[in-house]
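Undergrad: Sequence:
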Amino acid sequence: MFDPRKAIKSSTQEAVEIVDIVNGVVVLKDGSAAIVLETNAINFDLLSEKEQEAMTFAYGQLLNSLSFPLQIVVRSKRKDVSAYLTLLKDEEGKCKNPQLVEQIRRYRSFIETTVTKTNVLEKKFYLALPYTDPGTSARQFMPIGRKKISFDTKKLAEKSATILNPRRDHLTRLLARLSLQA
Numbered sequence: 083m084f085d086p087r088k089a090i091k092s093s094t095q096e097a098v099e100i101v102d103i104v105n106g107v108v109v110l111k112d113g114s115a116a117i118v119l120e121t122n123a124i125n126f127d128l129l130s131e132k133e134q135e136a137m138t139f140a141y142g143q144l145l146n147s148l149s150f151p152l153q154i155v156v157r158s159k160r161k162d163v164s165a166y167l168t169l170l171k172d173e174e175g176k177c178k179n180p181q182l183v184e185q186i187r188r189y190r191s192f193i194e195t196t197v198t199k200t201n202v203l204e205k206k207f208y209l210a211l212p213y214t215d216p217g218t219s220a221r222q223f224m225p226i227g228r229k230k231i232s233f234d235t236k237k238l239a240e241k242s243a244t245i246l247n248p249r250r251d252h253l254t255r256l257l258a259r260l261s262l263q264a
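Position in the sequence shown (from 1) plus 82 gives the number in this note's numbering.
All clues stand as given, with none of them false.
Here are the computed distance ranges between Cβ atoms for each label pair:
hint: 1; residue 1: Ser130; residue 2: Val202; range: 24 to 32 Å
hint: 2; residue 1: Lys206; residue 2: Asp234; range: 28 to 36 Å
hint: 3; residue 1: Thr214; residue 2: Glu135; range: 31 to 39 Å
hint: 4; residue 1: Pro151; residue 2: Ile103; range: 16 to 24 Å
Derived by calculation from the structure, the hints in this document are not laboratory data. All C-beta atoms in this analysis are idealised placements derived from N, C-alpha and C, irrespective of residue type, glycine included.
Turn these sequences into a full structure, and let the hints guide you.
TA: Quick look at the structure:
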């Protein structure tokens, strides 16, 4: 028989690997750290052929200049445009000009059709710069169950920041060559 007093009590905190974020440095349970940058995107297909070649060359230079590990994460999520459609409908009702009302109605209909026929995705781009202290074994820090973290998160963040901040700055400059903001 089920005894609620003996039920497993856990929280999402135990599943999340992040211990703390100190001055922009993400400190992880295993004793490692990282800096995460979010960047914008460029629609490569809209560039001219010469611009595409220049972009490809600059991207190759970026990759070849890296002397440290880098993780690139692309997060795609289906875009919810219902609030935008509601806004258009409200504007359509407020408008006095019949020609403008018709234009808004057509545009709203176009958006609804586009969204139902194709997946409209919102994409986010992240660059993660990891750091693991070479003098320590990451496994020794791994907490078991609710055991406390056995290292000073602030010291680890400071130590890793001295390594990661110049890398972040280098990467930011290289991304600016690609017209990307980090």
